[in-house]
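Asks: Residue numbers (our numbering), protein chains in the order written: chain F, 1 to 430; chain A, 1 to 430.
The set of hints was computed from the structure by calculation and includes no laboratory data.
Warning: the hint list may mix true and false statements.
Restraint ranges, calculated between C-beta atoms of paired labels, are given here [unchecked claim]: (1) PHE99/A - PRO339/F: 48 to 56 Å; (2) PRO380/A - ALA337/F: 56 to 64 Å; (3) THR312/F - ARG214/A: 46 to 54 Å; (4) GLN375/F - LEU425/A: 26 to 34 Å; (5) ALA382/F - VAL177/A: 43 to 51 Å; (6) ASN426/A - LEU18/F: 54 to 62 Å; (7) PRO380/A - GLN16/F: 17 to 25 Å; (8) PRO339/F - GLY14/A: 42 to 50 Å; (9) LEU69/F - ARG262/A: 35 to 43 Å; (10) SER277/F - PRO380/A: 51 to 59 Å; (11) HIS215/F - LEU292/A: 40 to 48 Å; (12) ASP211/F - ASN426/A: 50 to 58 Å; (13) ALA337/F - ASN426/A: 42 to 50 Å.
Think of the CB as a built atom: it goes at the ideal place given N, C-alpha and C, for glycine as much as any other residue.
2 protein chains.
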Amino acid sequence: MERIRTSELAQHAGEQVLLRGWLHHRRILAHVTFLVLRDAWGTCQVVSAADTSGADDITPESVIEVSGLAVAEPRAPGGVEVREAQLRVLSPAPAGLPFDLFRPTIGAALPTVLDHAAVALRHPRRRAAFQLMGASVAAYRTALRAEGFTEVFTPKIVATATESGATCFRLDYFGHVAYLAQSPQLYKQMLVGVFERVFEVAPVFRAEPHDTPRHLNEYVSLDAEIGFITDHRDVMALLERVVGAMARAAGEHAAAPQAGARLPIAVSTAFPTLHFSEALELLASRFGSDVLAEPDLAPAHERWLGEWALRTHGSDFLFVVGFPMQKRPFYTHPDPARPTYSNSFDLLFRGLELATGGQRLHRYEDYESAMRERQIEAGPFAGYLEAFRYGMPPHGGFAIGLERWVQQLIGASNLRETTLFPRDLNRLLP
Amino acid sequence: MERIRTSELAQHAGEQVLLRGWLHHRRILAHVTFLVLRDAWGTCQVVSAADTSGADDITPESVIEVSGLAVAEPRAPGGVEVREAQLRVLSPAPAGLPFDLFRPTIGAALPTVLDHAAVALRHPRRRAAFQLMGASVAAYRTALRAEGFTEVFTPKIVATATESGATCFRLDYFGHVAYLAQSPQLYKQMLVGVFERVFEVAPVFRAEPHDTPRHLNEYVSLDAEIGFITDHRDVMALLERVVGAMARAAGEHAAAPQAGARLPIAVSTAFPTLHFSEALELLASRFGSDVLAEPDLAPAHERWLGEWALRTHGSDFLFVVGFPMQKRPFYTHPDPARPTYSNSFDLLFRGLELATGGQRLHRYEDYESAMRERQIEAGPFAGYLEAFRYGMPPHGGFAIGLERWVQQLIGASNLRETTLFPRDLNRLLP
């Protein structure tokens, strides 16, 4: 008999069925034992007469095979249960899990949950978050491919560490100093000269010793870069379309309710936009005029602006554009009308920076002067600068933090909850 | 006017059109100048009357905008050309490219080509290889998602380096020794306990000081792992389906002829399979009986077996199964009938190892004894072993080398030709 998935059980009412999965939960009553079998697609209830099938001896998380009759039963979750069950243990588990998996949430502190990732990730609610992650990434790629983007793969071991001021991990590369790439920025720009439109989904590495719920030292960056734009507004429009596609895919996924996903409001309309200087004015009214001197937004400011966008525009999203040039990397394109401000933006999702992007410089001379002004030695960037020397169109792009996307989607309070195996100051295992 | 792509020109014959791209080539005749404009989708011919448009002064690789009349012209490549052209230079390029891009191939040695990647990758033939790469990866993911696989993202900074004997890059992680992951092997197995079927597309890192045309120190690995298998043959069947999907996607891509892709023979049928011991017998008849003592296949042996598969089975593919346990990593499942051989395999594509895979151990006790036998300290693997302690089904998986796939597809003699920015013993730039 062919194995069916728990999600297919309802279609097989009245038939003999074969299921495989894990023993998720067990309740032993006087004359009957109720088992819950969990597979990758859900759970189902299995009813076993006491003492006939060995069901009472099977421990949670044992891998089991169940054959029996699928019977419509309104009281069973999903409306169908398996009766007259024959059970076979494929892989037994010992008693004494680090925590129960059958309860609505795991009753342990986050560090314990992360220490026992191999078990904790099996919890349906935790698992569901990563199913939404996979679906979101698929939608990201599909949306970009439909617009003519080429997927690229750029090196993570790089020779230079100074592109944006972030701290990089250093390694010994056959006797040379090398670094782990903090972003594919330089490569995706070079590749605009080849493919015009490129995207990459890959890990990025930051050696900053942050210890906050919103930072990790390794995360997945959804990068895109597009040529022949007018300015950053073309990039923002692209980002709106892409985020819309991701939200729809997550919303339609069967795991969305299980993950506790709260779908974004107003994702299908143009996102409200504030200039950085306007954002500071608003913030000054709340936090006092000291903020007017700030060159960047603090996390508390982002949260407040997120609330403002929801209150004022009914949107979970807010673009802040025109960050001061002084805090942006050397490749940032200035606003031609107000050159101390840039053609760059952040996208806030429920008050957290989800994405950053903008228009880049594209003329070779502009790179020469930008690097001279910032006292960046051009030598190590020769291969990058060659792209601009030999004809580059106006272009721009963005980078979305994948784990933050899922974090905000499900309302997790810590980025570690939406990272399979997080890497932080204190965590390198499992 | 809306910009059109060169690939759309034929649909617009008789209309005014606007194109943007790079000046790919220019021929100045007495009364007329022929330009070739290149964009991400192809090239088109632009005809400009002498001295009226400034066409004669534009240098190759300048970014240009062309507006004019699309006219059917049988002698033009693609059957349509642009006449009465108005030209505008968006980004000029200086004279003196490192090599010509308009010739059928780049007339420079590979190191020069790689040094000037930003320019060399613009060559239509080089670029096309990476368009096939992108299409192949998309097909890989689509095939697996259709079979219920979840895409996962696992850390590349890891605490242990001993999983398979490969040499790892070391880095300092906030005062701790860490390594760059040589594969997602341990994580994808742990995640079979969560999602049953997982895949990952991500960079892997090998610190081996190889200096060959078939090794790189960073490459993209297409990994998959599947639970509830009978044995390695289920994994091989999955790999056949996936490789078939990749071949079809590459074959249908518009860039396939440009890349010089030669599509695999017999990709839609079951691949021929040789047991390792049979392979050695065959090799002994050609290379002498010394090979019978070998625990692995040498590159020359793989090449010969590839020719044998084509000659004998009319197939570009060959599975070699049953490699001796002694050369395989600790998680390898032995062949129950002949325990010195393993349930693992290599897939050769035109005589080159394209993928490796097999069935894994799934019982906790088997891991305990395998690690004891190989004198591997269990401590650093505690988080991994927990997955097996708490119920893991029989499972297996494979890893495909993405750059090798494209290399063999287009018949490139060096893996560096199918890597955008290769990393090897001597190359860390660009």
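Asks: For every hint, state whether the structure bears it out.
Replies: Evaluation of the provided hints:
no.: 1; hint: PHE99/A - PRO339/F: 48 to 56 Å; in the structure: 37 Å, violated
no.: 2; hint: PRO380/A - ALA337/F: 56 to 64 Å; in the structure: 57 Å, holds
no.: 3; hint: THR312/F - ARG214/A: 46 to 54 Å; in the structure: 59 Å, violated
no.: 4; hint: GLN375/F - LEU425/A: 26 to 34 Å; in the structure: 32 Å, holds
no.: 5; hint: ALA382/F - VAL177/A: 43 to 51 Å; in the structure: 33 Å, violated
no.: 6; hint: ASN426/A - LEU18/F: 54 to 62 Å; in the structure: 56 Å, holds
no.: 7; hint: PRO380/A - GLN16/F: 17 to 25 Å; in the structure: 46 Å, violated
no.: 8; hint: PRO339/F - GLY14/A: 42 to 50 Å; in the structure: 45 Å, holds
no.: 9; hint: LEU69/F - ARG262/A: 35 to 43 Å; in the structure: 54 Å, violated
no.: 10; hint: SER277/F - PRO380/A: 51 to 59 Å; in the structure: 52 Å, holds
no.: 11; hint: HIS215/F - LEU292/A: 40 to 48 Å; in the structure: 57 Å, violated
no.: 12; hint: ASP211/F - ASN426/A: 50 to 58 Å; in the structure: 39 Å, violated
no.: 13; hint: ALA337/F - ASN426/A: 42 to 50 Å; in the structure: 47 Å, holds
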